[in-house]
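Listed below, chain by chain, are the residues.
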Amino acid sequence: MSVKKVGKGAFAKFVDKLIRTQTVIGVKARGDRFDFDVLESAKELRLDYDRTLQPPKKYFLPAVETLLTYEIGDGYKSVFDEGEFVLIGVHPYDLVAINQLDRIFSQDNCDAHYMKRRNNATIIACDVATPSKNVFASSMGTATVKKGFDVLLTDICGAYIAESGSRKGEAMLAKIEGAVKPTKEDLKQREKVWGENRKNLNKHQLKCKPSDLPKLLDKAYKHPVWEEKAKTCFSCGSCNLVCPTCYCFNVQDDVSWDMKSGKRERCWDGCLLDGFTKVAGPHEFRKNRADRFRHRLYRKGKYVPAKIGGEIACVGCGRCVDACLPDIANPVNVYNRLVDDLGVK
Amino acid sequence: MQKRCSIEKDIYLPRLATLEKKRLMNPTEMYVRFTLDDGDFEFIPGQLVEVSIAGIGEAPITISSSPTQKGYFELVVRRIGNVTNAIHRLRIGDKVGIRGPYGNGTYPVKEAKGRNLVFVCGGIGLVPQRSFINYVLDKRGEYGDITVLLGTKCMAQRFFHSEIDAWSHRKDIQFMETVDQADDCWLGNVGVVTTLIPKIETELSSALVFVCGPPVMYKFVLLSLDEAKVPRENIYLNLERKMRCGVGKCGHCQINNFYVCVDGPVFRYSDLSVAPEAI
Chain A
1 MSVKKVGKGA
11 FAKFVDKLIR
21 TQTVIGVKAR
31 GDRFDFDVLE
41 SAKELRLDYD
51 RTLQPPKKYF
61 LPAVETLLTY
71 EIGDGYKSVF
81 DEGEFVLIGV
91 HPYDLVAINQ
101 LDRIFSQDNC
111 DAHYMKRRNN
121 ATIIACDVAT
131 PSKNVFASSM
141 GTATVKKGFD
151 VLLTDICGAY
161 IAESGSRKGE
171 AMLAKIEGAV
181 KPTKEDLKQR
191 EKVWGENRKN
201 LNKHQLKCKP
211 SDLPKLLDKA
221 YKHPVWEEKA
231 KTCFSCGSCN
241 LVCPTCYCFN
251 VQDDVSWDMK
261 SGKRERCWDG
271 CLLDGFTKVA
281 GPHEFRKNRA
291 DRFRHRLYRK
301 GKYVPAKIGG
311 EIACVGCGRC
321 VDACLPDIAN
331 PVNVYNRLVD
341 DLGVK
Chain B
1 MQKRCSIEKD
11 IYLPRLATLE
21 KKRLMNPTEM
31 YVRFTLDDGD
41 FEFIPGQLVE
51 VSIAGIGEAP
61 ITISSSPTQK
71 GYFELVVRRI
81 GNVTNAIHRL
91 RIGDKVGIRG
101 PYGNGTYPVK
111 EAKGRNLVFV
121 CGGIGLVPQR
131 SFINYVLDKR
141 GEYGDITVLL
151 GTKCMAQRFF
161 HSEIDAWSHR
171 KDIQFMETVD
181 QADDCWLGNV
191 GVVTTLIPKI
201 ETELSSALVF
211 VCGPPVMYKF
221 VLLSLDEAKV
231 PRENIYLNLE
241 RKMRCGVGKC
251 GHCQINNFYV
261 CVDGPVFRYS
271 DLSVAPEAI
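Top line first, the protein sequences correspond to chains A and B. Going by this note's numbering, the first residue of the first sequence is number 1, and it counts up by one from there. Going by this note's numbering, the first residue of the second sequence is number 1, and it counts up by one from there.
Heads up, none of these hints are tricks.
For lysine to aspartate or glutamate, the following EDC-like pairs were computed, each having C-alpha atoms within a straight-line distance of at most 20 Å: (1) B:Lys9 / A:Asp102; (2) A:Lys133 / A:Asp35; (3) A:Lys77 / B:Asp37; (4) B:Lys95 / A:Asp258; (5) A:Lys77 / B:Asp38; (6) A:Lys307 / B:Asp271; (7) B:Lys9 / A:Glu65; (8) A:Lys77 / B:Glu8; (9) A:Lys307 / B:Glu277; (10) A:Lys231 / A:Asp322; (11) B:Lys95 / A:Asp74; (12) B:Lys113 / B:Asp138; (13) A:Lys58 / A:Asp81; (14) B:Lys95 / A:Glu71; (15) A:Lys207 / A:Glu311; (16) B:Lys95 / A:Asp253; (17) A:Lys219 / B:Asp271; (18) B:Lys9 / A:Glu265; (19) A:Lys278 / B:Glu277; (20) A:Lys215 / B:Glu277; (21) B:Lys113 / B:Glu233; (22) A:Lys4 / A:Glu170; (23) B:Lys219 / B:Glu233; (24) B:Lys110 / B:Glu142.
To give a feel for the contact side, a few chain B residues facing chain A, derived at Cβ under 7 Å: (25) Asp10; (26) Ile11; (27) Lys95.
Short derived list, chain B residues pointing at chain A, Cβ under 10 Å: (28) Arg15; (29) Ala54; (30) Gly55; (31) Ile80; (32) Thr84; (33) Gly97; (34) Pro214; (35) Val216; (36) Arg241; (37) Val247; (38) Gly248; (39) Gln254; (40) Val262.
Just so you know, the hints here were simulated from the structure itself, not pulled from any lab data. Idealized CB from N, CA, C, for every residue including glycine.
Work the whole structure out from these sequences, hints included.
As structure tokens, this is what we get:
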């Protein structure tokens, strides 16, 4: 795969050209924060952002999506999103999260709704230029990425180094006018950015290796930290809502006004919400707040990793740290407490 | 991994099935029998289907008939939520959506061959167990002694009367029944289902024991089985959770690292030692 150097002006021109031919989603400013949205012009694109409010997950697993339509008594029809789009500005930690979801939705029972959107997307990732205030990607080993993107941009003062990571990305790179071969000095600059990010995207330091977490959690099930932290939990599900690796969903039917047809929708759900495990009866299997609080951190550190080959399902974006009102959601604080009390050996 | 994955097939798309028969068995339990419109379908006792009622929603229900009965499948539905109430209102010939069968954790049809089997059922816990009980009765020669214990809350909630009556008259199966509360008309056992465990004639310590009932029942049955020295790897539990998607994605039915819809719904008790949320 090839590496090129693109001036920022040339890249903006390329984005404007893309916008004329297809849907381009990028990072835009929202007041003093940032979020992914459809771009109308390259001027709106802010690749110097610190972190987006919502992870880019919503373009593959929307908050609400129609799975099927039906005519009552006459069967069901699948509904798929077919539009191709380009997603610009995905940070490495969010990219790792997307790649984890890819594995989850493609393995065993393949989820065609997710996978179609995923296959229709071209991802132009970019290295972090401004660390956000609660990021801990360095601790999770997700501060930089080597694969999973179509194109990866790294800002080296005035220009981008663009590397392709797939055939799709290769084709895209070829279309950028004014792209040149980078010099050795340029590549050294990029190495420097990577080196700094691997060190500095770390506002919270995890006291163990991420790969130690499953074993640590093996012995932490009855630790008092779950009750202590969950005492102030509102069960609001904000930590689930902003998480790039949370993918639990609910499915509901919606009937049209004519009462003859309708659609079946899936929407995000959250394991922290009361009622998540409620069944008719009524029985509720995870009624206790502390159990739900523990479940989330076990999913991130143990259950999901076991499903996807060991990778820890917390990518260190720090969104839950910001979103949590009682300030208990920070996984690093909980895991560190367990390391202190139980040790990793 | 993405290559193996077929994005042409939609795992959420139900097939259509037609209601062939229905019978109200007691004030809350409805027996329904469906045939699939696009042909037969294969299943193993213990597996579940997701039943869709257009406009209402979807609910996971374990198949109650034995796979030896070809061409149709039976469910028993307690009227308790939106979908189950809608199933009660269905008329003969009405269409429903069916997804499945789901669940890799089924009754150990092969492993149980030649073994003595004990079924402990609490109330509608009989429904999923009936699939395997009838399967075993249809292949009676291949299995050892069969014991079925049934505990029901009260007489009015009993169901499958004629089938149960037939079991109690068969010589090749020991059937025992009890109700928690009885009135003067009841001549049988009174008490919870665990009171029947000491009356089992077959040697318990070598038998395979299958348990299905309301959540509260498991704890007590497992205590009694422990007293009777039944090894944990011989005990199978049929667990119920909120199985929304049926394909191991949505997260609702998760018990620690297990997904009931994929890894269950029938679990070997010894496998659940790593899943404290199960019982």
